[in-house]
Amino acid sequence: MSPPLIAYANVSKTFDGTRVIAVDDVSLDVAEGEFVAIVGGSGSGKTTLLRLANRLIEADAGSITIEGDDVRSVDPILLRRRIGYVFQSGGLFPHLTVAGNIGITPKLLGTAPAEISARVDELLDLVRLDRAPYRDRLPHELSGGQRQRVGVARALAARPRIVLMDEPFGALDPLTRDALGDDFRELHGKLGLTTVMITHDMTEAILLADRIAVMRGGKLLAQGTPAELSESGDAYVGELLRTPRRQAERLGALLPREGAA
Amino acid sequence: MSIFADPRWAEALGHLPDYLGSHVRVSVAALALGLLLSLPLAIISRRQPVLRGALLGLASIVQTVPGLALLALFYPLLLALAALSLSWFGFGFSAFGFLPAVLALALYSMLPVLRNTITGLQGVDAAILEAAQGVGMTPRQSLFTVELPLALPVMMAGIRTAAVWVIGTATLSTPIGQTSLGNYIFAGLQTQNWVFVLFGCLAAAVLALAVDQLLALIESGLRNRSRLRAALGGVGIAALVVATLVPTMMRAQTNYVVGAKTFTEQYVLSALMAQRLKAAGLSATTREGLGSNVIFEALASNDIDVYIDYSGTLWANQFHRTDIKPRQELLAELRTMLARQNITLSGELGFENAYALVMPRRRAEQLGIRTIADLASRAANMSIAGDYEFFSRPEWAALRRAYGLSFRGQRQMQPDFMYAAVASGEIDVIAGYTSDGLIAKYDLVALGDPRHAIPPYDAIVLLAPKRANDEALRKALAPLLGKIDIATMREANLRAAGNDAASSPDAVAQWLWEKLGKK
Ligand SMILES: Nc1ncnc2c1ncn2[C@@H]1O[C@H](COP(=O)(O)OP(=O)(O)O)[C@@H](O)[C@H]1O
Ligand SMILES: [Mg+2]
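These protein sequence lines map, in sequence, to chains A and B.
Per the UniProt record's numbering, the very first residue in the first sequence carries number 1; after that it's consecutive.
Per the UniProt record's numbering, the very first residue in the second sequence carries number 1; after that it's consecutive.
With the rest of the complex left out, here is chain A (with noise of 0.2 angstroms):
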């Protein structure tokens, strides 16, 4: 097996000293190509794991790898320019257009502006915006969704191998966030991405993910797919599973297939 794009090892964060262990004793490897969710409660480090990954923080102990480097030993800014990040609520630049947001990436790295807008255009096309309308507006000229597939053209935009994203679809409604979360999944396949993406709703981890790790109180809890987690002893990921266990019962009997019956 080819060694892991994203490796965790031992990682911990504290903050306020010691006080709140954010992130505790945590190791997790993401292979190339792999869609891994992390899922768990409000403050259950999720995000803290996230902003690792690109040194937004520093661990105090354990190391991580991303790509076979040690992230303390690249630049934190070239390494977060290879890396894409979608941010909870779109995190868009309000006085910057759509096109200005989508190509800041590379401009940052100093690519033409002509290839700029070329790529511009291709990404609104590959989060389906029609180039036209969109390409001018300003964030506060959008809808959730679309503000949310401008996050992710732009996270894209440096062509990166790896994206990272916390709870994008989250405050979208739930048709939209379906939505949104089919089409990431195919991007995911056809742009060949390792794509790590934080959320808390296990349904939505279920749909889109290989691959899931359960985070509680800092500690990851377990890890595996969904038919893995499904077979695990612990209280807490049987809790978690439980909603998406019932609605699918419930849905199986409400909506029978047609000639199922």
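Simulated from the structure, these hints should not be mistaken for laboratory data.
Among the hints, a few may not be true.
What the hints assert, rightly or not - Footprint (simulated), chain A over chain B, 3 or more residues, beta carbon under 8 angstroms:
no., stretch
1, 127 to 134
2, 146 to 152
To be verified - Label pairs and their in silico Cβ distance ranges:
no., chain 1, residue 1, chain 2, residue 2, range
3, B, 94, A, 16, 24 to 34 angstroms
4, A, 16, B, 241, 46 to 56 angstroms
5, B, 40, A, 111, 28 to 38 angstroms
6, A, 14, B, 48, 20 to 30 angstroms
7, B, 48, A, 17, 49 to 59 angstroms
8, A, 122, B, 36, 36 to 46 angstroms
9, A, 61, B, 125, 23 to 33 angstroms
10, B, 228, A, 111, 19 to 29 angstroms
11, A, 14, B, 241, 55 to 65 angstroms
Yeah, the Cβ is synthetic: ideal placement off N, Cα and C, and Gly gets one too.
For chain A, the structure is supplied; the task is to place chain B with the ligands on it using the hints.
This is chain B with the ligands only, laid out in the frame that chain A set:
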């Protein structure tokens, strides 16, 4: 008849290129310096609460210092620095006019810029900052492409406030020797020329408004990413600066600068001296409205060439003498002391402008008061008013000592209003000036000083060190020496206090010269 038919509007307009030009230059320089200091400080301190608190606190304190005092404080400070620089590095600089005005105004402009820049930068959403970092910006890129653009509206509001403050406060730089639109206001207030006062206020207001609107244009251009608007605003400001520079550049360099303090008599006498110099074929301008401590230092450091002071004033204020000597002795000693600073006392004009206790003639006669000694026994039931410095001057202490004076109450007043107040009986006695025209106008009498508690105040012509051997200058002014008696000066002062065209300092000086010729 329209009030604009008054010829003083035309006279005011004539000064506009000079006054407005100087005003714009000092304001723009101060604002630029203020921005140059405040913006980096605000940016550096935005993540350092201690530094931020200290800066904002300091700027707030500066703001509470009245503009006039702040400007006045910078003069001695720079004077000391200039002396230091001369002795350490072998070169000095002029502590007069432009430099202290720019520094004080720049300091004054800092609070709104600091506060708004810090507030604006702190108002940027933490999520946006994280996104800037996340997409791979360096701290500098984040600052310039994200934080500053987002903080811009708040910052510009601060810059506009600062601009309006600076332009308004720059009118107060006249007393420290910086020509500004304040020249209209100071001269107008002193010589009761309300046309000048109004003109100065209007000009300053229009200038402030224009600059504010140009800055607003730049702001809206930057905010809406309209290069055109930002450029228009920028060009507008640049055009304003250039337009005010051109007439100054084209103006012929004048050789002689005649100084004047901030009261009517000084305006008239400086106009008279400038007229005499011009008549002798020398080029001359006046620098009016100079603070009374500023003007002496300005002469000593050759920033002005000549002005009129009063022997007793120099004796007490400049040389800190508290003893009182007979007139000729005091003059002789003064001449020696001035010579030590290379200043020439070229002669007396012939009249004295001394402090005197003044009261209505009729009341004095009723009470049988002819001298201060007579007044002493009645003083306990009387009130006295003086100008802003009188009660802290050695003369006042000397008077009280010599005559055992003790009044029921004392008040400080604007000199122009004192005379009317004593004439109307609102005040019983005032500390007036012997050469003031209002003494005659209100039928007042100056009480005698038999114990010579008040030192002599001969009007004397002082020449700057570099003019010590300037024969042309001495010759031009010689016809004035010993020629102006107290009655003539009083009448000139009374004319200058009028509120019509014939009361401009120039017109009165002209009248005075003709009158001297007839003698
Ligand atoms: N910058 C910070 N300073 C102090 N405490 C923090 C900081 N960031 C996160 N924490 C704390 O660390 C813990 C984990 O936070 P986070 O990783 O954001 O959790 P999650 O994303 O799972 O909701 C929480 O208790 C949070 O309060
Ligand atoms: Mg989170």
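Do three or more residues from the stretch 127 to 134 of chain B put their C-beta atoms closer than 8 angstroms to C-beta atoms of chain A?
holds (count 7)
Taking the beta carbons of residue 14 of chain A and residue 241 of chain B, is their distance inside 55 to 65 angstroms?
The hint (55 to 65 angstroms, Cβ to Cβ) holds, given that residue 14 of chain A and residue 241 of chain B are roughly 57 angstroms apart.
Given a hinted range of 20 to 30 angstroms, is it respected by the beta-carbon distance of residue 14 of chain A and residue 48 of chain B?
holds, 24 angstroms
Distance restraint evaluation - residue 40 of chain B, residue 111 of chain A, Cβ atoms, bounds 28 to 38 angstroms
About 31 angstroms separates the Cβ atoms of residue 40 of chain B and residue 111 of chain A, which means 28 to 38 angstroms holds.
Cβ distance range 19 to 29 angstroms for residue 228 of chain B and residue 111 of chain A, holds or violated:
holds, 28 angstroms
Within 8 angstroms of chain A's CB atoms, at least three CB atoms from the stretch 146 to 152 of chain B: coverage verdict:
holds (count 3)
Could one say that the CB atoms of residue 94 of chain B and residue 16 of chain A fall in the range 24 to 34 angstroms?
violated, 57 angstroms
When you take the CB atoms of residue 48 of chain B and residue 17 of chain A, is the distance between them in 49 to 59 angstroms?
With a Cβ separation near 21 angstroms, residue 48 of chain B and residue 17 of chain A fall outside 49 to 59 angstroms, so the hint is violated.
Holds or violated: 46 to 56 angstroms for the Cβ distance of residue 16 of chain A and residue 241 of chain B?
holds, 53 angstroms
Could one say that the CB atoms of residue 122 of chain A and residue 36 of chain B fall in the range 36 to 46 angstroms?
holds, 44 angstroms
Within 23 to 33 angstroms: is that where the Cβ-Cβ distance between residue 61 of chain A and residue 125 of chain B falls?
Distance hint for residue 61 of chain A, residue 125 of chain B holds at roughly 31 angstroms.
In summary, the structure is inconsistent with hints 3, 7 from the numbered list given earlier, while agreeing with the others.
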